[in-house]
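Q: Using the sequences and the hints given, assemble the complete structure.
Those letters in the sequence shown? Residues 104 to 320, per this note's numbering, in order.
For the record, the hints were derived by calculation from the structure and aren't laboratory data.
Treat the hints with care, since some could be wrong.
Said to hold, decoys possible - Pairwise CB distance ranges, derived in the manner of DEER restraints:
1. Val186 - Asn137: 15 to 21 Å
2. Ile113 - Val186: 46 to 52 Å
3. Asp249 - Ala195: 17 to 23 Å
4. Cys140 - Asp249: 19 to 25 Å
Note that the structure is predicted; figures quoted are calculated from it, not measured.
Even glycine gets a Cβ: it sits at the ideal position worked out from N, Cα and C.
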Amino acid sequence: AVRIIIDGIITMGMPIIIIGGTLGGFFTPTEAANIACVYSLILGFAVYRNYHIKDFFVSMQGIARQMANIFMIISFASVFAWVMGMEKIPDAIAAFMLSVSDSKYVLLMLVNVFLLIVGMFIEGNASMIVLAPLLHPVAMAYGIDDIHFAMVYIFNCTIGAFTPPMGTLMFVSCGITKCPTKDFIKEAVPFYILFAIDIIVLTYIPQLTTFLVNVFY
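A: Following this line, the structure appears as structure tokens:
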């Protein structure tokens, strides 16, 4: 029992480092992820001794392949976003949306539907690089708060990442747990309903995202 408790305390250091360090302002979320990786390596090599140098190199090879795919997507998406900016496509989209409706609530509804569909097929980082520069000027033309729009955008990307047919987080979860995709989708239906309620509340009650920012800044 003592050994199990000690192992549990050592393992709990991981969320303490990530959450405590980030909320305490000691480092950014990206830095927290790096520190957590170093902490896990120390545990694997020195404490539990169930992780070996050959495992480390295998992990590096897998990471290299995954990062190559991601950076290829991001690089092409960055070029596409630059071309869109040079051709002033965002301005044209903003003018078109203003001609359709002058209500920011209608715009937010259309953006939600659009981003949910896009998120089902496109990885979140690529989506933000390509579409955020296009949609941000439109949101500004409607007088939507920057932080509010960013939160709506990110939450939509998160929902899309869990949604079939190409939700990246869905496939990662199924790959780790060995759960068939059809079973995952069936069990996730209540969470999809909760996601829908959350995005509606987040979209139409902007104070939820801007209240603390307005208080402190």
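Q: Against each hint, give a clear statement of whether it holds in the structure.
A: Evaluated hints:
1. Val186 - Asn137: 15 to 21 Å: violated, 33 Å
2. Ile113 - Val186: 46 to 52 Å: holds, 51 Å
3. Asp249 - Ala195: 17 to 23 Å: Taking Cβ atoms as reference, aspartate 249 and alanine 195 lie about 21 Å apart, which means the hint holds.
4. Cys140 - Asp249: 19 to 25 Å: Violated - the Cβ-Cβ distance for cysteine 140 and aspartate 249, about 32 Å, lies outside 19 to 25 Å.
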